[in-house]
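J.: One-letter residues, chain by chain:
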Amino acid sequence: MKNIMNTKMLLTLSLASLFVACGGSSNSSSSSSSSSGQGGSMARFAISGDYLYTINEREMNILEIKDASKPKKVSKIHVPFDVETLFSYNNTLYVGSNSGMYIYDKSTPTQPTRIAEFSHAQSCDPVVVADDVAYVTLNQGSECWMGRGGVNRLEIVDVKTPSNPKLIKAIDMFEPSGLGVDGNNLFICDGSNGLRVYGISKKDNNGTVDVSLTPKESLTNIDCYDVIAQKKHLVISNDKNIRQFSYETFPMEELGQIK
Amino acid sequence: MKKTVSITALFMRTLFSTTLLWAFNGCGIEYRDNPNCNYISLEEFRSNGVEIVEPKEISQAGKIYVYKNTLLVQEVDQGIHVIDNSDKKNPIPKAFIKIMGNLDMAVKEGYLYIDSYMDLVVLDINNLEQINIVNRKENTFSYDPYQRAGNFSYYFDCGEYNQSKGILVRGAK
Chain A
10 MKNIMNTKML
20 LTLSLASLFV
30 ACGGSSNSSS
40 SSSSSSGQGG
50 SMARFAISGD
60 YLYTINEREM
70 NILEIKDASK
80 PKKVSKIHVP
90 FDVETLFSYN
100 NTLYVGSNSG
110 MYIYDKSTPT
120 QPTRIAEFSH
130 AQSCDPVVVA
140 DDVAYVTLNQ
150 GSECWMGRGG
160 VNRLEIVDVK
170 TPSNPKLIKA
180 IDMFEPSGLG
190 VDGNNLFICD
200 GSNGLRVYGI
210 SKKDNNGTVD
220 VSLTPKESLT
230 NIDCYDVIAQ
240 KKHLVISNDK
250 NIRQFSYETF
260 PMEELGQIK
Chain B
-11 MKKTVSITAL
-1 FMRTLFSTTL
9 LWAFNGCGIE
19 YRDNPNCNYI
29 SLEEFRSNGV
39 EIVEPKEISQ
49 AGKIYVYKNT
59 LLVQEVDQGI
69 HVIDNSDKKN
79 PIPKAFIKIM
89 GNLDMAVKEG
99 YLYIDSYMDL
109 VVLDINNLEQ
119 INIVNRKENT
129 FSYDPYQRAG
139 NFSYYFDCGE
149 YNQSKGILVR
159 GAK
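For the record, the sequence lines run as chains A and B. Per the numbering used here, residue 10 is the first one in the first sequence, and the count goes up by one each step. Per the numbering used here, residue -11 is the first one in the second sequence, and the count goes up by one each step.
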């Protein structure tokens, strides 16, 4: 029995590795308290309160980190095998996977429970959330065999009721990966199309939420993997270096590069 | 370290990797073969797996993390660059944390939490001039000898994992 289980798991993992390997995406924890920092959208670690949440391809580990010198593992839960990214938002955790976005409730911090699954085509996809709206990029990986039926797009999802996510709209992209949101600015790494910046405008018409994006700026000389946008300061992981911009005004001002 | 891999599973895995290698060679997946596969003992892993060294240049930037004025940049498969970003026009690299098997990082109240294969390691980064390891929580995560390096496009094939030899490390020792 164990052999069968192992075989099944490894087969699944072999496949998972292959799928995951295409495109490359993972995620972060942006809406954390001021005592913790902020990761990019590709993070697999997220801190919320006194807890550190981590995911790998098959499990979520929850650690209590009230005392840094004595971290305590408090629980482990099974997650879908193809999960890639983790984002903490209020009482929820958003898990990006190859087959969809999973939402966990963490009202009981040590026992997150899955409350929703938002499925989509097989793609690689980080997710970030702001103002009750989730932004998910789907990247088929242009060179992936499995991507032929996949998509390259941004999905905008109403998550005001996290147990019932609703697609607001989907926008075609070139090859999107890491993304970041700050206030009404959305930053998306879009493969060889570079970095795209959009202005977000959200309207709530009697419970029906609409979000429209207005292109603000596009930087094509960037090969970005991940971004962090906070306090008008943008950090971009750009393969061989790090680039930093200020977005007090548009077009953005480049502050410098780190090699 | 409880993970045991059955003969059948290994056979299937090998069969699968071989098949996949053959079938999807043009799919953007790079196979890193045996020259990069090294074993180290658990003792060596636990004593030298995380090391604070002089800053160095970025060669493949992975994940990034901002904590107050500190910017952390993952060097894929190697560790984490620690940068003083107080003056964003003139950031100063302060140290490099060499880490075996690192996939991610997060900071709370001046303490950096990282994974190093199956261990969780906590470092005090309150003073960038003097970064210290404050705790290692062994076997926090499942050990996966075939762990991918973050989200980068290669599948690491080191053949059959031999638990008695210790930890299978990617890249150079």
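Hint data in this document are derived by calculation from the structure and do not stem from the laboratory. One or more hints might be untrue.
Think about it this way: if two alpha-carbon atoms lie no more than 20 angstroms apart in a straight line, the pair counts; the simulated EDC-like pairs of lysine to aspartate or glutamate are [claimed, not checked]:
| # | chain 1 | residue 1 | chain 2 | residue 2 |
| --- | --- | --- | --- | --- |
| 1 | A | K85 | B | D132 |
| 2 | B | K76 | A | E262 |
| 3 | B | K125 | A | E262 |
| 4 | B | K86 | B | E42 |
J.: Decide, hint by hint, whether the structure agrees.
T.: Consistency of the hints with the structure:
| no. | hint | result |
| --- | --- | --- |
| 1 | A:K85 x B:D132 | holds, 16 angstroms |
| 2 | B:K76 x A:E262 | holds, 12 angstroms |
| 3 | B:K125 x A:E262 | violated, 43 angstroms |
| 4 | B:K86 x B:E42 | holds, 10 angstroms |
When each numbered hint is compared with the structure, a violation occurs for hint 3 only.
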